[in-house]
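Model the full structure from these sequences, guided by the hints.
There are 4 protein chains.
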Amino acid sequence: MKKITTENRIPWNENFKYCIGTGRLALALRKEYLDGLKKAVDDIGFKYIRGHGIFHDEIGIYREYEWNGEEKVMYNFTYIDQIFDSFLEIGIKPFIELGFMPEQLASGTKTVFWWKGNVTPPKNYKKWNNLISATINHLIDRYGIEEVKTWPIEVWNEPNLSNFWENADMEEYFKLYKETVTTIKSINEDLIVGGPSICGGSDHWLDDFLTFCKKENLKLDFLSRHAYTSGPAQLIPFSCYQEIHSKENLLKDFKTGREAIEKVNFKNIPVHITEFNTSYKPLNPVHDTAFNAAYLGKILSYGGDFVDSFSYWTFSDVFEEEDIPKSLFHGGFGLLAYNLIKKPTYYLYQFFSKLKGDILYRDDNLIVTEKNGKLYIIAFNPVEDVHDITLYQTLELPICKSEDTVFVKRSVINEEYGNAWQAWRKMGRPRFPNKEQIEDIKEAAIPKFETYNLPVKEGSITLEFVLQKNEITLFEITGIHKPKSYESPYYGLDDSRIVGYNNL
Amino acid sequence: MKKITTENRIPWNENFKYCIGTGRLALALRKEYLDGLKKAVDDIGFKYIRGHGIFHDEIGIYREYEWNGEEKVMYNFTYIDQIFDSFLEIGIKPFIELGFMPEQLASGTKTVFWWKGNVTPPKNYKKWNNLISATINHLIDRYGIEEVKTWPIEVWNEPNLSNFWENADMEEYFKLYKETVTTIKSINEDLIVGGPSICGGSDHWLDDFLTFCKKENLKLDFLSRHAYTSGPAQLIPFSCYQEIHSKENLLKDFKTGREAIEKVNFKNIPVHITEFNTSYKPLNPVHDTAFNAAYLGKILSYGGDFVDSFSYWTFSDVFEEEDIPKSLFHGGFGLLAYNLIKKPTYYLYQFFSKLKGDILYRDDNLIVTEKNGKLYIIAFNPVEDVHDITLYQTLELPICKSEDTVFVKRSVINEEYGNAWQAWRKMGRPRFPNKEQIEDIKEAAIPKFETYNLPVKEGSITLEFVLQKNEITLFEITGIHKPKSYESPYYGLDDSRIVGYNNL
Amino acid sequence: MKKITTENRIPWNENFKYCIGTGRLALALRKEYLDGLKKAVDDIGFKYIRGHGIFHDEIGIYREYEWNGEEKVMYNFTYIDQIFDSFLEIGIKPFIELGFMPEQLASGTKTVFWWKGNVTPPKNYKKWNNLISATINHLIDRYGIEEVKTWPIEVWNEPNLSNFWENADMEEYFKLYKETVTTIKSINEDLIVGGPSICGGSDHWLDDFLTFCKKENLKLDFLSRHAYTSGPAQLIPFSCYQEIHSKENLLKDFKTGREAIEKVNFKNIPVHITEFNTSYKPLNPVHDTAFNAAYLGKILSYGGDFVDSFSYWTFSDVFEEEDIPKSLFHGGFGLLAYNLIKKPTYYLYQFFSKLKGDILYRDDNLIVTEKNGKLYIIAFNPVEDVHDITLYQTLELPICKSEDTVFVKRSVINEEYGNAWQAWRKMGRPRFPNKEQIEDIKEAAIPKFETYNLPVKEGSITLEFVLQKNEITLFEITGIHKPKSYESPYYGLDDSRIVGYNNL
Amino acid sequence: MKKITTENRIPWNENFKYCIGTGRLALALRKEYLDGLKKAVDDIGFKYIRGHGIFHDEIGIYREYEWNGEEKVMYNFTYIDQIFDSFLEIGIKPFIELGFMPEQLASGTKTVFWWKGNVTPPKNYKKWNNLISATINHLIDRYGIEEVKTWPIEVWNEPNLSNFWENADMEEYFKLYKETVTTIKSINEDLIVGGPSICGGSDHWLDDFLTFCKKENLKLDFLSRHAYTSGPAQLIPFSCYQEIHSKENLLKDFKTGREAIEKVNFKNIPVHITEFNTSYKPLNPVHDTAFNAAYLGKILSYGGDFVDSFSYWTFSDVFEEEDIPKSLFHGGFGLLAYNLIKKPTYYLYQFFSKLKGDILYRDDNLIVTEKNGKLYIIAFNPVEDVHDITLYQTLELPICKSEDTVFVKRSVINEEYGNAWQAWRKMGRPRFPNKEQIEDIKEAAIPKFETYNLPVKEGSITLEFVLQKNEITLFEITGIHKPKSYESPYYGLDDSRIVGYNNL
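Residue numbers (our numbering), protein chains in the order written: chain H, 1 to 504; chain W, 1 to 504; chain D, 1 to 504; chain V, 1 to 504.
In short, the hints are calculated from the structure, not lab data.
Model, not experiment: these values are computed from the prediction.
Cβ coordinates follow ideal geometry from the N, Cα and C atoms, glycine included.
Errors might be hidden in some of the hints.
Ranges of calculated distance between the beta carbons of each label pair, as one might list FRET restraints [unchecked claim]: (1) D:P11 - V:E439: 21 to 29 Å; (2) H:G357 - W:S246: 51 to 59 Å; (3) W:N163 - V:G144: 47 to 55 Å; (4) H:K267 - V:K442: 48 to 56 Å.
Okay, derived cross-link-like pairs now, DSS-like style, lysine-lysine, Cα gap no bigger than 25 Å in a straight line [claimed, not checked]: (5) W:K484 - V:K149; (6) W:K435 - H:K356; (7) W:K263 - W:K175; (8) V:K484 - V:K409; (9) W:K356 - H:K442; (10) D:K371 - H:K127.
Per the computed footprint, the stretches of chain V lying under chain W, defined by three or more beta-carbons under 8 Å from a beta-carbon of chain W, are [to be verified]: (11) 136-150; (12) 485-496.
Right under this line is the structure:
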């Protein structure tokens with residue numbers, strides 16, 4: 001039995017829901033995308049959204065053309081306005097990532113992803129700066145400087161990988177950063193600019209980048225990187241499998257930002273993990289599982305200790321980096337599958353968004369918080385290696401002494417309950433399920449809810465429970481309603497007099 | 001083990017959802033009422049709705065006044081138009097009950113209910129007939145004769161009780177019927193008129209009424225009565241308790257209509273149970289329980305054999321016959337509690353609305369239907385007298401021989417799951433729950449859903465299950481999806497290669 | 001020509017939309033009511049809503065009963081919770097009026113209105129105080145003290161009329177006030193309490209009430225009264241006609257509050273006109289007319305100079321003080337007719353809600369405001385006595401010197417346009433219009449919109465316009481969009497090359 | 001004065017709204033698209049929708065890949081299911097166009113449009129036929145054969161233009177048709193297949209195609225072609241200008257289908273104009289104008305005489321054939337501009353969708369229909385060449401003799417009213433208008449509505465009216481409501497007693 005007290009309280013921060021990832025921004029024109037985003041924002045409360053492709057030709061901000069023999073540029077904000085309007089209407093703000101390169105502005109032809117993001121430096125930095133200036137000025141005109149000042153602006157994505165930045169050329173990236181930050185700050189000093197948005201594998205970029213900014217006296221308002229925890233992909237057609245590394249490994253990556261800041265003695269700036277997940281592959285079925293959710297329980301619980309945000313990549317299976325999804329479940333990154341079906345990891349986030357007040361206790365399988373006498377407990381049991389393991393827990397929890405009894409509400413996700421993927425597998429994996437099947441899957445995706453009472457003894461209760469394999473459980477525990485002096489009771493009430501309830 | 005075959009098929013009729021009861025029509029101006037009705041019609045598919053009070057002064061169709069020394073009548077359809085417009089927009093039609101008496105047209109002052117329905121005969125039958133004529137003509141003008149011809153019109157409510165018809169005066173009721181039916185048929189012969197809408201206790205009214213109509217050569221398009229199964233009320237303030245009689249007792253009342261028709265050798269006309277429930281009291285907590293639902297399982301299963309409709313009284317706790325509800329749960333008739341909370345009996349109706357095709361098997365705890373190879377099973381276990389009884393069932397069910405495996409979806413309601421009232425009790429019975437409590441109750445009211453596979457052996461499966469106390473379970477069983485020749489498979493797919501799923 | 005300058009700016013206050021009147025609170029359970037309120041709050045931005053009947057038995061907060069020989073009281077907040085929940089969800093707060101008397105708590109049987117509000121003092125002030133205490137404590141439990149502290153609480157309604165307070169007994173009213181304010185302040189000192197909510201005709205009550213509060217050292221957080229401007233009703237069945245007094249007369253009543261405060265040297269407290277309108281009769285067709293709107297133009301323009309709020313009585317024709325409405329248009333108080341049809345006075349409010357910034361100019365037919373270089377002009381032309389009078393206006397208006405041209409948008413309501421009542425009259429006054437007729441009326445109720453350009457000369461424009469009979473016109477005038485340096489122009493654009501537009 | 005009688009009635013057919021065009025199907029994933037389509041279907045009642053790109057790689061039905069050294073094909077219906085689900089939910093059915101070519105199935109690399117539709121024949125007809133078979137079989141599985149049998153299937157688009165079919169190779173197209181129709185009919189004989197979907201300029205294709213089908217004994221269920229009426233484009237950056245040919249010219253193209261059928265003595269099959277408009281360029285500002293609407297009045301009026309459908313190209317400015325729209329108004333084909341702004345031609349369609357019953361009269365500027373005594377008149381005044389021409393009309397119209405007075409409702413669109421484009425021009429052509437500007441434009445886009453009465457003399461009324469330049473006017477004329485014997489009048493009612501209305 002773990003005895004939990006109120007003595008060592010730590011405020012629970014909500015960094016876990018500061019930001020959420022998305023497929024390329026052009027997808028935000030779609031109805032399924034916007035419906036899903038609204039649901040996620042309403043249910044979980046994400047504050048920022050970050051994705052690639054603001055300058056992709058599909059959004060089409062940048063167009064060169066000729067007129068009367070002169071070369072001209074037409075900046076076009078038709079779609080980005082629609083997209084950002086939608087975000088704000090839904091109640092979420094853009095965390096802008098500047099990239100990839102418009103084809104006409106690119107110095108090369110190398111692209112990344114099915115949707116062909118150009119990953120080469122600008123052919124001309126003056127034109128790049130004009131593009132940045134036209135875009136930022138337009139956003140300020142449309143949304144107001146006070147609003148835009150709250151939107152972080154990240155320069156490029158994963159420049160330390162040659163897939164995402166030609167030759168992973170550090171010097172060129174530093175130049176891009178310098179040009180970009182200088183252009184933006186010349187519009188308004190208070191606009192928030194950061195980088196270098198690296199992926200793992202060459203973490204020295206963090207030190208080098210901070211050192212560069214220091215030396216060049218460049219503004220840097222936040223430091224950003226990504227973190228995934230999976231091994232090489234074992235490919236099959238339209239899918240793949242991977243090892244998943246330890247949770248500690250992932251948290252270690254989280255810590256590198258502040259470590260680098262301290263190391264080079266940079267001023268204290270926020271650190272954002274602008275992408276993270278278990279697998280970095282959008283076709284790995286692990287994303288659809290309860291294991292994925294249970295595994296990430298510890299990350300959501302501890303991550304906010306080390307970084308100012310860590311942005312799950314991504315909120316929705318509306319995503320096309322490796323071509324169009326070929327089946328309802330296909331291993332997509334999304335918290336939501338198509339048809340707004342909640343995956344287990346969605347519930348993990350929804351459960352964490354219920355936590356309030358201060359942390360009373362945390363361990364590898366458990367977090368307990370308390371606010372105004374109400375207890376919130378999330379327990380998780382990721383089971384990686386063994387066939388079937390259940391976890392027995394007994395907690396002694398502190399309760400207000402004036403209470404006699406508490407009301408316990410338990411919400412359960414595991415391999416049996418709240419698990420759309422498992423229901424879909426049992427159905428025979430219909431790639432294109434019909435309406436009736438979708439309804440069945442949605443119902444199967446609902447958590448199991450249980451309610452009961454527990455007695456309070458000398459200011460504490462004993463909560464015993466079992467976690468099934470890959471279970472995530474949320475307990476919400478409150479004192480039961482006691483009539484106040486000015487409330488009217490029901491005299492004579494006795495439920496045991498109802499037919500069938502003489503044992504109540 | 002029960003072996004169920006496809007040999008003795010009986011078509012499943014949907015008489016159980018032909019009609020639903022409602023509190024007095026004036027309540028249909030309310031938002032909570034209309035939201036609930038829409039939900040019930042969408043979820044269950046009721047076709048008609050019947051309630052009291054079309055002529056109540058709160059709807060105000062009838063107003064006498066003086067002008068220049070002359071006595072005049074103003075007919076006013078402002079509210080009844082709003083109400084019937086709402087019904088039709090929601091997709092349900094009125095089953096009209098003519099009554100009670102407008103105060104200015106009444107011969108006496110006796111009233112029924114908190115809302116004071118006047119239960120005395122008209123002071124003047126010519127004026128009554130004018131009111132009927134003005135009303136029916138107005139409805140035809142507004143909705144078209146083809147529509148109004150589909151609306152049954154019932155003359156008065158429970159005239160065999162002196163509470164509802166002064167002195168329970170049979171002769172006077174027969175006069176009312178004669179005047180009314182004659183007036184309506186003179187507008188259009190095809191309008192549907194019926195009665196006598198009696199309650200139990202003086203069933204000879206059925207014979208007498210049929211005999212009267214025959215003798216007087218009056219049109220009668222349907223015969224109607226009510227059926228409740230509870231004993232005398234044991235009152236406490238704002239609530240009560242009652243015995244509940246046997247289910248067979250209730251079905252016996254259902255049969256009296258056709259028996260009477262045969263007895264007096266009347267032509268074959270539809271029989272409608274225009275009200276039924278366990279308890280006839282709107283403040284009996286039994287209505288909120290899983291027992292109520294499990295008890296009614298057999299009634300919904302067999303009722304349609306004996307009558308053309310049986311209308312549950314009522315769809316919603318928006319109801320005021322015994323004053324305004326004083327607590328979220330208060331023993332109201334509603335399938336829905338306030339805040340659109342589904343009671344167990346709502347789910348009973350929702351489960352029955354899933355049944356399709358033909359009945360393969362029925363008994364006191366079970367109904368099995370089949371359509372296009374899909375099996376639908378509802379099982380119920382009402383437990384009245386003993387503390388805790390579970391029911392074990394094993395069924396051998398017929399399945400298409402080409403199937404290897406079936407997908408089973410189970411939805412469960414009992415004392416633990418899908419039970420808003422129990423959750424509310426555990427919360428400490430908050431009379432006026434706040435938003436958070438309402439959300440908790442709504443989640444607790446969701447059924448438990450389970451999905452699994454069963455093997456098919458020689459064209460049959462063996463389904464074993466346990467019913468907990470007062471459980472209602474729905475099974476939906478289908479063959480699993482098998483790819484067709486023109487469908488594309490996923491080569492290399494192997495879920496056991498997903499981390500954590502090596503035992504799949 | 002009136003030359004308008006920016007020299008004498010007065011801030012435009014929005015007191016005109018601080019509060020809006022409603023029919024008795026029980027009507028707030030209805031869908032038509034709530035849909036209309038949401039529309040009005042969205043379109044106009046009312047902040048508070050005030051109506052009668054919080055203690056009426058139809059809401060049923062107070063019930064006496066016996067149990068085991070003892071007399072008990074059951075307080076029931078089922079409906080008032082629903083109502084206030086709805087208000088807050090819509091975005092409007094209650095301006096509470098305590099009254100009328102629950103039947104079981106009343107000392108007499110006198111009632112007012114079709115819906116029978118009991119207007120007699122409490123039979124027992126201890127029980128009254130308990131009712132007040134239970135109610136206010138419940139509201140604080142449900143909505144939080146911080147919220148309830150923003151809700152003004154007015155004691156009773158029009159006690160200076162014997163229709164509304166038996167014998168118009170001033171001494172008894174002062175007692176009621178004293179008991180009530182003392183009870184409320186004992187719960188929390190910061191709760192806002194006021195009165196005496198008198199109607200015109202005995203304005204000395206204001207002085208007497210202030211003097212009483214001073215003498216007795218009673219808290220008084222605001223002073224309230226009503227103001228109507230019509231003569232005696234000339235009755236016909238279900239309708240009436242009346243003289244309408246001058247606008248100045250109405251504004252004179254507005255001023256009496258602050259005059260009284262100064263006269264008795266009371267501390268400076270807010271003054272609320274908790275009801276006002278032209279006619280005080282809910283069946284006077286003047287409420288449906290453009291004249292009503294044009295007449296009130298001056299009141300909305302100047303009223304906020306004299307009082308902290310003036311609450312139009314009422315937002316909707318969902319209203320039953322003189323029985324149920326007997327026709328779509330029937331002279332109801334509502335800004336909105338049934339079916340959410342906007343009357344001309346609704347548009348008056350909607351136009352005034354567009355005003356921003358500072359007042360540059362006002363007269364009997366005109367108000368001009370300006371904010372950030374945008375001009376807002378409302379002009380109105382009430383025509384009472386003569387058959388057809390149009391009003392010619394020419395204004396010279398100040399515009400930013402950097403502009404060459406302005407964009408003018410004009411919205412017009414008069415006897416021809418934006419006038420649902422006139423369209424309905426031309427249709428033959430259908431009492432119960434069908435869906436197609438409702439659609440026609442709604443389209444006819446849309447204002448006429450016109451847009452055009454005017455040249456700017458030396459920082460000013462000349463705006464000429466004609467107001468038709470009973471017209472209300474809104475002008476919104478802005479400089480036209482001029483491309484900024486970072487915006488991309490369309491080269492070669494020439495609308496005169498479009499077929500049919502060679503004269504552009 | 002034109003005297004119009006009821007003698008020569010012709011039934012009004014609704015061929016004008018049988019089908020509507022759309023940008024490539026992938027756009028149907030977008031929210032703006034779906035919102036607009038729902039609006040158009042609700043307002044106008046289109047029954048089918050036709051657009052390009054069902055086989056475009058962006059929808060991605062066809063994917064070749066290797067597995068274990070074997071070449072495989074993966075058919076993927078994720079997006080087309082979403083799209084067709086959306087269509088059916090909105091209430092419109094697909095008019096399928098088979099094309100263009102998946103990249104991996106193409107024999108060449110030639111593409112059309114910004115979105116790069118591949119226009120080359122299949123590299124392998126067996127694979128093409130497999131694709132057709134997989135697709136049609138999938139649709140039948142999902143939507144049911146009864147539904148899919150109602151969806152016309154057109155083979156390719158404009159094969160007579162080398163832009164759309166490599167080399168405009170007739171022989172190759174005929175082969176494509178033969179392979180395709182044979183494949184489809186082998187699935188189900190009742191599926192509807194047609195072609196050749198040609199554009200103007202080589203109309204002999206119609207004869208040749210019919211002759212080919214006859215000779216080869218191929219099924220052909222409908223004949224299809226396109227019709228535009230504009231001259232060569234005079235290009236400027238991102239826009240263009242064109243001559244518009246005469247309306248008669250356009251109608252002449254409509255007639256070619258039935259002429260060809262008669263000429264080659266083919267059996268009588270439906271003729272569909274599967275695309276038409278004034279200009280064939282998506283960047284010609286004429287599409288935004290009232291002239292476009294007024295010009296098309298005659299086409300909508302007469303077109304249904306000659307063809308079974310004529311599908312306006314397109315319902316929405318969500319369209320990208322010539323890159324992303326660069327401004328709110330940009331000359332797009334849409335009936336709706338972005339933000340669901342109705343263009344004048346939208347209103348033309350909405351007005352025509354009101355026509356009911358029989359045509360009493362038609363000429364170049366006028367159509368009059370009648371149903372159940374209600375008259376519907378649409379008048380239009382396209383003005384191409386001259387600066388400002390108004391058109392005076394006087395009609396004598398037949399009315400039921402029992403009427404004394406009629407109610408006239410007039411809805412007006414012209415250069416001043418109901419004209420979003422003109423309002424936007426006056427605003428200074430903001431390319432990316434903000435919310436407030438959008439609201440202003442939407443209000444300016446509302447027609448002017450007028451209502452009045454006219455006297456009936458000996459069964460007729462005289463309707464005089466003036467059409468402004470490029471005006472489209474709808475009159476709806478009905479007898480006014482006369483109370484029936486069972487309706488209650490208002491005694492004493494006299495509007496002239498209302499203050500301000502003594503002249504009524």
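Hints not upheld, ascending by number
10
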